[in-house]
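Engineer: Chain residues, written in single-letter form:
Protein chains: 4
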Amino acid sequence: MSKIKVTIWNENVHELEQNALGDYIRQSYPNGIHQCLKENLTADDLEIRTATLDMPEQGLPDALLNDTDVLVWWGHCAHARVEDELVEKIRTRVTCGMGLLVLHSGHYSKIFKRLMGTSCGLRWREIGEKERLWVVDASHPIAKGVPETFTLPHTEMYGEPFDIPDDGKVIFMSWYEGGNVFRSGVAFQRDAGKVFYFSPGHETYPIYKDENVIKVIGNAIRWANPQQPILKDRLATNQAVPLEKVTTENPMEKIDTSALHEKQ
Amino acid sequence: MSKIKVTIWNENVHELEQNALGDYIRQSYPNGIHQCLKENLTADDLEIRTATLDMPEQGLPDALLNDTDVLVWWGHCAHARVEDELVEKIRTRVTCGMGLLVLHSGHYSKIFKRLMGTSCGLRWREIGEKERLWVVDASHPIAKGVPETFTLPHTEMYGEPFDIPDDGKVIFMSWYEGGNVFRSGVAFQRDAGKVFYFSPGHETYPIYKDENVIKVIGNAIRWANPQQPILKDRLATNQAVPLEKVTTENPMEKIDTSALHEKQ
Amino acid sequence: MSKIKVTIWNENVHELEQNALGDYIRQSYPNGIHQCLKENLTADDLEIRTATLDMPEQGLPDALLNDTDVLVWWGHCAHARVEDELVEKIRTRVTCGMGLLVLHSGHYSKIFKRLMGTSCGLRWREIGEKERLWVVDASHPIAKGVPETFTLPHTEMYGEPFDIPDDGKVIFMSWYEGGNVFRSGVAFQRDAGKVFYFSPGHETYPIYKDENVIKVIGNAIRWANPQQPILKDRLATNQAVPLEKVTTENPMEKIDTSALHEKQ
Amino acid sequence: MSKIKVTIWNENVHELEQNALGDYIRQSYPNGIHQCLKENLTADDLEIRTATLDMPEQGLPDALLNDTDVLVWWGHCAHARVEDELVEKIRTRVTCGMGLLVLHSGHYSKIFKRLMGTSCGLRWREIGEKERLWVVDASHPIAKGVPETFTLPHTEMYGEPFDIPDDGKVIFMSWYEGGNVFRSGVAFQRDAGKVFYFSPGHETYPIYKDENVIKVIGNAIRWANPQQPILKDRLATNQAVPLEKVTTENPMEKIDTSALHEKQ
Numbered sequence: 001m002s003k004i005k006v007t008i009w010n011e012n013v014h015e016l017e018q019n020a021l022g023d024y025i026r027q028s029y030p031n032g033i034h035q036c037l038k039e040n041l042t043a044d045d046l047e048i049r050t051a052t053l054d055m056p057e058q059g060l061p062d063a064l065l066n067d068t069d070v071l072v073w074w075g076h077c078a079h080a081r082v083e084d085e086l087v088e089k090i091r092t093r094v095t096c097g098m099g100l101l102v103l104h105s106g107h108y109s110k111i112f113k114r115l116m117g118t119s120c121g122l123r124w125r126e127i128g129e130k131e132r133l134w135v136v137d138a139s140h141p142i143a144k145g146v147p148e149t150f151t152l153p154h155t156e157m158y159g160e161p162f163d164i165p166d167d168g169k170v171i172f173m174s175w176y177e178g179g180n181v182f183r184s185g186v187a188f189q190r191d192a193g194k195v196f197y198f199s200p201g202h203e204t205y206p207i208y209k210d211e212n213v214i215k216v217i218g219n220a221i222r223w224a225n226p227q228q229p230i231l232k233d234r235l236a237t238n239q240a241v242p243l244e245k246v247t248t249e250n251p252m253e254k255i256d257t258s259a260l261h262e263k264q
Numbered sequence: 001m002s003k004i005k006v007t008i009w010n011e012n013v014h015e016l017e018q019n020a021l022g023d024y025i026r027q028s029y030p031n032g033i034h035q036c037l038k039e040n041l042t043a044d045d046l047e048i049r050t051a052t053l054d055m056p057e058q059g060l061p062d063a064l065l066n067d068t069d070v071l072v073w074w075g076h077c078a079h080a081r082v083e084d085e086l087v088e089k090i091r092t093r094v095t096c097g098m099g100l101l102v103l104h105s106g107h108y109s110k111i112f113k114r115l116m117g118t119s120c121g122l123r124w125r126e127i128g129e130k131e132r133l134w135v136v137d138a139s140h141p142i143a144k145g146v147p148e149t150f151t152l153p154h155t156e157m158y159g160e161p162f163d164i165p166d167d168g169k170v171i172f173m174s175w176y177e178g179g180n181v182f183r184s185g186v187a188f189q190r191d192a193g194k195v196f197y198f199s200p201g202h203e204t205y206p207i208y209k210d211e212n213v214i215k216v217i218g219n220a221i222r223w224a225n226p227q228q229p230i231l232k233d234r235l236a237t238n239q240a241v242p243l244e245k246v247t248t249e250n251p252m253e254k255i256d257t258s259a260l261h262e263k264q
Numbered sequence: 001m002s003k004i005k006v007t008i009w010n011e012n013v014h015e016l017e018q019n020a021l022g023d024y025i026r027q028s029y030p031n032g033i034h035q036c037l038k039e040n041l042t043a044d045d046l047e048i049r050t051a052t053l054d055m056p057e058q059g060l061p062d063a064l065l066n067d068t069d070v071l072v073w074w075g076h077c078a079h080a081r082v083e084d085e086l087v088e089k090i091r092t093r094v095t096c097g098m099g100l101l102v103l104h105s106g107h108y109s110k111i112f113k114r115l116m117g118t119s120c121g122l123r124w125r126e127i128g129e130k131e132r133l134w135v136v137d138a139s140h141p142i143a144k145g146v147p148e149t150f151t152l153p154h155t156e157m158y159g160e161p162f163d164i165p166d167d168g169k170v171i172f173m174s175w176y177e178g179g180n181v182f183r184s185g186v187a188f189q190r191d192a193g194k195v196f197y198f199s200p201g202h203e204t205y206p207i208y209k210d211e212n213v214i215k216v217i218g219n220a221i222r223w224a225n226p227q228q229p230i231l232k233d234r235l236a237t238n239q240a241v242p243l244e245k246v247t248t249e250n251p252m253e254k255i256d257t258s259a260l261h262e263k264q
Numbered sequence: 001m002s003k004i005k006v007t008i009w010n011e012n013v014h015e016l017e018q019n020a021l022g023d024y025i026r027q028s029y030p031n032g033i034h035q036c037l038k039e040n041l042t043a044d045d046l047e048i049r050t051a052t053l054d055m056p057e058q059g060l061p062d063a064l065l066n067d068t069d070v071l072v073w074w075g076h077c078a079h080a081r082v083e084d085e086l087v088e089k090i091r092t093r094v095t096c097g098m099g100l101l102v103l104h105s106g107h108y109s110k111i112f113k114r115l116m117g118t119s120c121g122l123r124w125r126e127i128g129e130k131e132r133l134w135v136v137d138a139s140h141p142i143a144k145g146v147p148e149t150f151t152l153p154h155t156e157m158y159g160e161p162f163d164i165p166d167d168g169k170v171i172f173m174s175w176y177e178g179g180n181v182f183r184s185g186v187a188f189q190r191d192a193g194k195v196f197y198f199s200p201g202h203e204t205y206p207i208y209k210d211e212n213v214i215k216v217i218g219n220a221i222r223w224a225n226p227q228q229p230i231l232k233d234r235l236a237t238n239q240a241v242p243l244e245k246v247t248t249e250n251p252m253e254k255i256d257t258s259a260l261h262e263k264q
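Just so you know, the sequences run in chain order A, B, C and D.
Per our numbering, the very first residue in the first sequence carries number 1; after that it's consecutive.
Per our numbering, the very first residue in the second sequence carries number 1; after that it's consecutive.
Per our numbering, the very first residue in the third sequence carries number 1; after that it's consecutive.
Per our numbering, the very first residue in the fourth sequence carries number 1; after that it's consecutive.
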């Protein structure tokens with residue numbers, strides 16, 4: 001069996017800040033969130049690569065993107081720095097079949113907003129409160145082996161209303177000590193590609209060391225792995241087709257319409 | 001009762017072409033598709049304005065867009081000429097509550113693709129064949145008064161697979177003489193805004209003179225008309241909220257996190 | 001404008017119990033939950049009737065059911081006593097266009113389970129804890145005029161996982177003091193009929209006196225009111241239709257198939 | 001790897017009729033539709049059993065039903081003869097995780113209607129016309145290896161409107177020579193169980209010998225096979241849960257509520 005080729009992309013900005021906050025974050029993620037995720041997700045069926053915003057081509061040259069089965073995305077304060085052209089490349093590859101996992105503050109990333117079409121807004125509060133997750137659909141592969149409910153002692157709160165389309169399949173919902181609720185794990189399909197949003201994962205808490213969180217992300221990678229070869233020519237689907245013999249006499253038959261379609 | 005403010009936007013390029021095709025199109029639409037739609041949709045509860053690509057600010061200055069309850073969109077060969085900034089303004093107003101009707105080749109417009117997140121591709125064939133539409137949900141307000149099935153004698157074929165998200169509510173499906181099928185009338189919601197895609201309407205056939213087609217578009221305008229005031233501050237919804245008293249002792253309490261959010 | 005004909009059905013069992021619990025419930029609902037709802041929902045556009053299980057034909061003779069635009073359902077300990085034949089009549093009228101509101105413990109009523117097809121199970125706990133509701137889609141007519149969040153000081157907890165189909169449009173979500181979350185307001189369509197489930201409303205707390213709860217129920221009645229005449233012949237939709245001329249030579253042509261369909 | 005335990009249930013009535021029609025049907029299905037399906041679906045990963053209505057316990061004794069991973073259902077003229085008690089057993093096992101494939105006229109079976117909650121009506125015409133199927137979502141496992149479009153030379157027409165809930169994921173759509181269209185392959189989830197409806201398969205044409213039809217059914221069996229053990233205790237999910245400490249003083253605390261729940 002060939003391995004699933006996973007690329008974990010992290011903007012990796014908070015982890016490098018030279019201030020008290022940066023010091024604090026590095027206690028949890030000394031080598032960055034991407035390295036922590038890679039270490040904790042390591043398994044025989046996964047080939048995991050990491051990429052960061054400060055690398056050439058923002059970490060995702062064509063050679064790597066086009067060799068990726070599932071892309072994991074973490075971003076927060078540098079969403080605007082991701083180039084539109086790269087976003088469009090990623091979006092196209094998702095619609096062609098690549099899986100995409102969007103974590104935490106990635107709800108406001110260009111790529112997630114581009115795939116959803118909605119505002120992707122939410123309510124938030126950062127006081128380190130307790131979060132309790134609930135499995136809404138225990139039969140879903142992303143919930144496999146995850147207890148019906150589990151807690152994270154300190155998290156940033158993300159709350160409803162969460163501006164996402166109605167085709168989101170809700171796998172997890174969260175309760176927060178401060179009085180909020182959230183659809184914290186939601187699965188989408190965009191053409192041939194599967195997309196999963198999972199909200200736990202604030203940079204200042206060691207959430208990516210939690211075994212349940214890691215299990216969810218690992219399950220989601222395997223779920224999002226394309227079951228058929230990733231299409232090469234998806235952009236060509238707006239295509240002409242001949243088919244049955246048509247008996248209608250077309251009033252347009254004597255008009256040259258070639259000028260029309262050259263412009264498309 | 002105040003009228004629904006409708007703006008019909010048309011790229012209006014084919015209608016002006018100086019060739020045999022243009023001559024032919026002008027037989028059906030001497031003043032452009034937008035004028036034909038305006039004339040046929042005229043009703044006491046609608047205040048209809050038209051706009052075209054060649055007008056200042058591509059026909060949609062802020063004053064007009066911000067005064068529009070429902071925008072009707074027709075485009076084909078000039079999608080690429082619509083400016084990204086305008087597309088983003090329209091998208092934002094839709095998510096804030098404005099209704100949007102996307103007609104025919106508008107499936108490949110920037111605004112529709114931006115709201116769907118998918119490729120919006122389809123199959124097509126232009127031989128003037130017969131199309132038969134079927135009402136899939138007769139109880140939906142967009143189907144009110146529309147016969148269970150009706151035909152258009154000559155149309156461009158649009159066929160499946162149609163790359164749209166799964167939250168589309170199918171109101172109409174089409175049969176084509178040449179052997180294709182299509183989800184030809186599909187309703188979406190994007191945050192507070194309603195979006196309806198309706199495929200009939202090729203420029204070379206007088207489809208916008210068909211009474212059933214006009215009835216569908218008129219119904220859709222009234223359906224998409226926002227039932228609550230259009231939000232002004234939707235983009236601000238990613239906002240912080242205080243709430244219940246939290247008893248957790250936050251390990252982050254002594255860290256200054258202000259640096260973090262200044263960057264967002 | 002003709003009034004919406006609303007029928008509020010209540011099993012009305014707890015309210016009549018001759019014990020300490022019954023005494024307690026009667027403090028909130030001296031004339032039954034149905035009368036409290038009727039009084040608080042009274043408005044010029046509504047014609048409200050009430051019905052209870054102990055009435056002839058279990059409160060819903062054909063004459064009343066067939067004159068009902070929107071049925072409101074409250075049941076808890078007597079679900080099993082509602083006759084299957086009546087359930088099927090209600091289900092049929094819903095699919096023909098009648099609106100249905102299912103309140104609180106009605107999640108386990110025969111009619112709700114019959115319309116959902118799922119188990120409709122949930123988690124519960126009865127310790128009078130605080131519930132906080134959140135509006136998930138403020139643009140939905142059922143949320144009109146409802147604050148983004150409001151609390152009920154004492155409720156029975158209903159928690160996820162809630163076994164309902166994925167076509168439920170989530171309008172409200174609830175947070176409970178004890179650590180649970182719930183999709184507490186969910187809208188469905190079943191053929192021509194609209195169905196809304198709303199979880200607040202335990203018999204032992206005066207929840208149907210809360211102005212926000214009443215506003216939601218009132219909004220839902222107007223939303224569920226059929227916009228087109230309720231169909232008379234929905235059961236006949238599995239019907240044969242002639243249509244286009246078909247040129248295929250049918251190998252079955254010489255076989256008498258009448259025997260087949262007589263049996264259907 | 002353990003085999004998927006498949007049970008193909010067929011009412012097996014048409015095949016036994018002693019008339020010209022029965023003679024004709026037996027040309028295609030000399031041993032019944034169930035045997036034809038079994039032979040054509042045979043594969044190393046499947047353990048296929050068949051069952052018919054005339055067998056003891058209508059072919060589905062508990063021992064067999066409880067040993068079935070995926071149930072395939074074919075019925076037409078004898079829907080009413082299937083006992084309600086058996087239908088409820090099947091429905092419960094589906095919600096607990098068993099896969100269910102409903103073929104052709106099974107759209108009007110008790111089990112399908114019970115799982116959908118809608119009328120499941122459609123339009124039909126039996127003149128042996130040509131059907132052309134289109135793959136709507138090529139990335140779905142049920143469409144794996146199926147050509148984008150394929151035809152069946154002679155079928156019974158099933159047409160829209162098809163009264164099913166909106167959570168149906170459309171995998172196939174059909175075109176009919178006589179002018180109709182249909183969502184001919186639709187996937188649902190009901191709690192833990194997957195359900196697939198596939199319309200081709202009229203008894204009078206050898207449709208279950210078509211390689212594409214067989215491929216679809218084989219794919220669907222593998223898709224519907226539960227990925228986690230089938231639950232034993234799903235009916236118990238309406239259960240009480242203790243959880244976080246609650247600080248609210250409950251006005252009900254001194255009331256004995258046990259009487260209430262004994263009745264449930």
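No lab work stands behind these hints: they were computed from the structure.
One or more of the hints may lead you astray.
Repeated chains share a single entry, so a pair holds when one copy, or any two copies, can fit it.
Claimed, not checked - As a list, the in silico EDC-like pairs of lysine to aspartate or glutamate whose alpha-carbon atoms are at most 16 Å apart: (1) Lys144 to Glu57; (2) Lys5 to Glu57; (3) Lys110 to Glu83; (4) Lys144 to Glu17; (5) Lys89 to Asp62; (6) Lys215 to Asp45; (7) Lys215 to Asp23.
Engineer: Against each hint, give a clear statement of whether it holds in the structure.
Structural biologist: Results for each hint:
In this homomeric assembly, Lys144 and Glu57 never come within 16 Å of each other (Cα to Cα): the closest approach is 36 Å inside a single copy and 35 Å across copies. With identical chains, the CA atoms of Lys5 and Glu57 are never at most 16 Å apart, being 19 Å at best within one copy and 46 Å at best between copies. Within a single copy, Lys110 and Glu83 get their C-alpha atoms as close as 9 Å, which meets the 16 Å cut-off; across copies the closest is 18 Å, which misses it. For a Cα distance limit of 16 Å, the shortest separation of Lys144 from Glu17 qualifies neither inside one copy, at 37 Å, nor across copies, at 45 Å.
In this assembly of identical chains, Lys89 and Asp62 lie within 16 Å of each other by CA distance solely inside one copy; the values are 9 Å within and 31 Å between copies. For the identical chains of this complex, Lys215 and Asp45 are intra-copy neighbours only, at 14 Å inside a copy versus 28 Å across copies, given an alpha-carbon limit of 16 Å. When the C-alpha separation of Lys215 and Asp23 is checked against a cutoff of 16 Å, the pair qualifies neither within a copy, at 28 Å, nor between copies, at 50 Å.
Hints 1, 2, 4, 7, counting from the list given before, are not met by this structure.
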